[in-house]
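Enquirer: Sequence:
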Amino acid sequence: MDNDLQRIYLKTFQLCKQFGIKGVTMDQVAQDCGMSKKTLYKYVANKEDLLKQVFDFLADTMQHELDNAMNEVAGNAIDRLFALEAFAEERMRGEEEGLLFQLERYYPELAMHMKKRREGIVFGFTKENLNQGIQQGLYREDLHVDHIALLYYGHVLAVHENIISEYAIDTVALRQTSLRYHIRGIASAAGLNYLHQLTPSK
Numbered sequence: 061m062d063n064d065l066q067r068i069y070l071k072t073f074q075l076c077k078q079f080g081i082k083g084v085t086m087d088q089v090a091q092d093c094g095m096s097k098k099t100l101y102k103y104v105a106n107k108e109d110l111l112k113q114v115f116d117f118l119a120d121t122m123q124h125e126l127d128n129a130m131n132e133v134a135g136n137a138i139d140r141l142f143a144l145e146a147f148a149e150e151r152m153r154g155e156e157e158g159l160l161f162q163l164e165r166y167y168p169e170l171a172m173h174m175k176k177r178r179e180g181i182v183f184g185f186t187k188e189n190l191n192q193g194i195q196q197g198l199y200r201e202d203l204h205v206d207h208i209a210l211l212y213y214g215h216v217l218a219v220h221e222n223i224i225s226e227y228a229i230d231t232v233a234l235r236q237t238s239l240r241y242h243i244r245g246i247a248s249a250a251g252l253n254y255l256h257q258l259t260p261s262k
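Numbering-wise, this note's numbering comes out as the position in the sequence shown, counting from 1, plus 60.
Fair warning: there could be bad hints in the mix.
[Unchecked claim] Label-pair restraints from in silico Cβ distances: (1) M130 with G245: 16 to 24 Å; (2) D120 with E149: 19 to 27 Å; (3) A134 with L70: 29 to 37 Å; (4) Q192 with Q88: 44 to 52 Å; (5) V232 with Q74: 33 to 41 Å; (6) R165 with L217: 13 to 21 Å; (7) N63 with K176: 26 to 34 Å; (8) S96 with E179: 31 to 39 Å.
Calculated from the structure, these hints are not laboratory results. C-beta atoms are modelled at their ideal positions from N, C-alpha and C, and glycine is treated no differently.
Throw the hints in and build the complete structure from the sequences for me.
Expert: If you want it as structure tokens, here you go:
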């Protein structure tokens, strides 16, 4: 990727976190990037185009880092789910989610685009994991993969966005509970036994 373009993306993201999406101006972006607005407009058509490129870049980065993290897992399908949870605990700090809420208010079409990107990442991993677990005998053979992937995505949203309660909840503990709940719902006898070995006290 062009170094100037990557700098534009990263600076814009930092400015959005600092001032909010509505508060960021193209003048600020150009100034922080050490370039003129004329040069900035060589890369983007307008502010909405800039935001789309920035959030696509963030989604691509997250996908790449997730793929690398999963490739380092030598275990089975259940091990990969726990590795995904560890990745989420380390990477999901809520900053990008907060900006997505702002997108919904000011750039609803762009917000919908980013939600579809997120859906694709979660669905892709979940379907791959379900098929792997079935083949390994850790998940039940009668699972409807598409339905379970959709239900699991609902769990991810509920936990990550904290939409299931009006009270503050320990989201780390909630994600762990949700993960065990998900596994117990799809696991075969062998899978349940393996889960108990991993979390004997849960």
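Enquirer: Work down the list of hints and note, for each, if the structure agrees.
Expert: Against the structure, the hints:
no., hint, in the structure
1, M130 with G245: 16 to 24 Å, "holds (22 Å)"
2, D120 with E149: 19 to 27 Å, "holds (21 Å)"
3, A134 with L70: 29 to 37 Å, "holds (33 Å)"
4, Q192 with Q88: 44 to 52 Å, "holds (46 Å)"
5, V232 with Q74: 33 to 41 Å, "violated (25 Å)"
6, R165 with L217: 13 to 21 Å, "holds (18 Å)"
7, N63 with K176: 26 to 34 Å, "holds (29 Å)"
8, S96 with E179: 31 to 39 Å, "holds (38 Å)"
Hint 5 from the earlier list is the only one contradicted by this structure; the remaining hints agree with it.
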